[in-house]
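Asks: Going down the list, the sequences are from chains A and B. Residues 1 to 277 in this note's numbering are what the first sequence lists, from first letter to last. Residues 278 to 659 in this note's numbering are what the second sequence lists, from first letter to last.
Please keep in mind that the hints were generated in silico from the structure rather than gathered at the bench. A few of these clues could be false.
[Said to hold, decoys possible] Straight line, CA to CA, 27 Å or less: simulated BS3-like cross-link-like pairs of lysine-lysine:
1. B/K486 <-> A/K167
2. A/K193 <-> B/K486
3. A/K193 <-> B/K459
4. A/K167 <-> B/K408
5. A/K193 <-> A/K167
6. B/K459 <-> B/K299
7. B/K486 <-> B/K656
8. B/K410 <-> A/K167
9. B/K656 <-> B/K299
From a predicted model like this one, the values you see are computed outputs, not experimental measurements.
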Amino acid sequence: MRSTRLSVLLSYLLLGGMAMLFVVPLLMMFIGSLKPDQNILVEAGSLAAFLPSDVSLQNYADVFRRSDFPRYLFNSLFITGCIVICGLLVNSMAAYAFARLQWRGRDLLFNLVLALMVLPFEAIAIPLFYGASILGLRDSYTVQIVPFIANAFAVYLFYSFFISMPKELEEAARLDGASTLRIFFSIIMPNAKPVFASVAILTFLTWWGSYLWPMMVTIGPAVRPLPVAIASFFTLPPLYWGDILAFGVMMVSPVLLLFVTFQRWFVRGVASSAIKG
Amino acid sequence: MASIEFDNVSRSFDGGIDAVHKLNLNISDGEFMVLVGPSGCGKSTLLRMAAGLEEITSGEIRIGGRAVNHIPAQQRNVAMVFQNYALYPHMTVRRNLDFPLRMQRLSSADIERRVRHIAEMLDLVPLLERKPKALSGGQRQRVAMGRAIIREADLFLMDEPLSNLDARLRVQIRSEIVRLQKELAITTLYVTHDQAEAMTLGQRIAVLKEGRLQQVAQPSEIYQHPANTFVASFIGSPGMNLIRGTLRHNQGNTLLQLGPMRLILPEQVASRYTGLNSRYDQTLIAGIRPSHIRIDQEQSQTGLSARITSVESLGHETILHLATELEVDAAEITDRGVFATQPRPLIALLPGHQGFTTGDRLTLNLDIDNLCLFDPQGKAID
């Protein structure tokens, strides 16, 4: 009895400690964003960093005054939204074709797609940049969206989910007179909600924080997303820590909100696609 | 409604294994045909070929006289009930039922009318707004039937639709299926591995083994006159006893020598077979149903002495496993007629509860009028 209570206590301590590792920076950022600059620097080395003092929203107002934050937010939302929505459609349909349809060269092509998963983006960044420049697509939304719609990892996640779905459902639908597209939209998609949710979240997280590529292809603020914007805001003199923290809070909030809202789906989707597959 | 013909149909898989081998089978309009056989005999493959879910390697399948080899499943107007029902989990019972009708783009009034009709017929009205996961096994089965019936298809295919149900429900739904099929007079092809299901459901039964058709006939014909030893041992529970013996001729009588037993074949039995006299002094296999073995508790001159090795008392009947001097064949006879090396018990089936215990000795008599004769290759002697 005592030993189980002790082990419960220990595991709570361990888990709590690990949670702190993730929560502390966020907490510091959030509380710091509400303080005047001089307090932030003075309290940085002590526990007072986690306690609010002279609370105001001045830093947030400053961000809006000193930068075109709404523009960057829109750019990020638009670019990421397009990648997520188009990606869900394209990758799920590709995965369905790999998992269920019979066609020549299917397995070879699928293995090639899987091989793409191990290729880091940095390896193709330069050729991609070269291609984009030739096509005259630099400093546009297109160049930030189109290359990232098709995604090998998303295809793989969808594939492992579809392959584990009972085939009879599709066969029944086919005998009921449904076409392949109809089967995909009416039977497969509604039964694959968890994997759609987890792919959506993973894609969103990946491209919401994307920095290297937008940095390479954007020139002015017109199509620049938040990660690049915060970097240039950081270097914009004078250096106000409170403003930067406020910028950070506003940039991170949509992601946290999304994750908290869809956490149940996310966990279920990852579990079902990864474990069953 | 339509007839269906399998004309020399084969299905080979990679590695050259024939799941179905040059099979010929005609099912007439409105007939209820049961395909039965052990697992892996090709019965489900045959059904799936009819549905268009499986490719046909060679031969031709015709539905209503029209060759369907190259017609996709969507356009065959064939309805199917799957073993696991394959209900659409995200749709209510109503949506499951009307899905095929929506695919046909029927008017909503028409759809509503047909859904109501089917729901009333199958007692599904109170369940219409439920999702499949909120239904019991029997209810799911009825929804799957309803979804197949509502289409008014030419052909009704059922792939072991009762195998996921408990025994009591199975009997109940079995009679329901017979009633529906009679009412709708729809050509039905029903796959099962359960010979009892085959016997009770089918107007005709097709017995398959290793992708080859063994016999097609009415249930009583299959039971009484199996075409070969495989059918004899597969149909019936327990299957037919197959005993190795020799045919002899003595003073104008035809004798069947089974181990120490010498049975005189009465004239009316011997006359059923043509050319029996060409088989004198040859080995053959005599088949006798367990219910055609009589037990005499007193020792008699003509009978065969036996020792009970096990007793299965089922209440309404008793199954005895008997050690005798007979050479009883393995239930699974091979095509080459190879006999089992292990001696097998003779099985007897007696009505009601019997007071036997293991080790009891008794005397047997075979009901010779009901004997079936097979050649050493296992084929029934004409």
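Asks: Each of the hints needs a verdict: does it hold here or not?
Replies: Now for the hints, and whether the structure bears them out:
no.: 1; hint: B/K486 <-> A/K167; verdict: holds, 26 Å
no.: 2; hint: A/K193 <-> B/K486; verdict: violated, 43 Å
no.: 3; hint: A/K193 <-> B/K459; verdict: violated, 42 Å
no.: 4; hint: A/K167 <-> B/K408; verdict: holds, 20 Å
no.: 5; hint: A/K193 <-> A/K167; verdict: holds, 17 Å
no.: 6; hint: B/K459 <-> B/K299; verdict: violated, 31 Å
no.: 7; hint: B/K486 <-> B/K656; verdict: holds, 14 Å
no.: 8; hint: B/K410 <-> A/K167; verdict: holds, 18 Å
no.: 9; hint: B/K656 <-> B/K299; verdict: holds, 19 Å
Checked against the numbered hints listed earlier, the structure breaks hints 2, 3 and 6; every other hint is satisfied.
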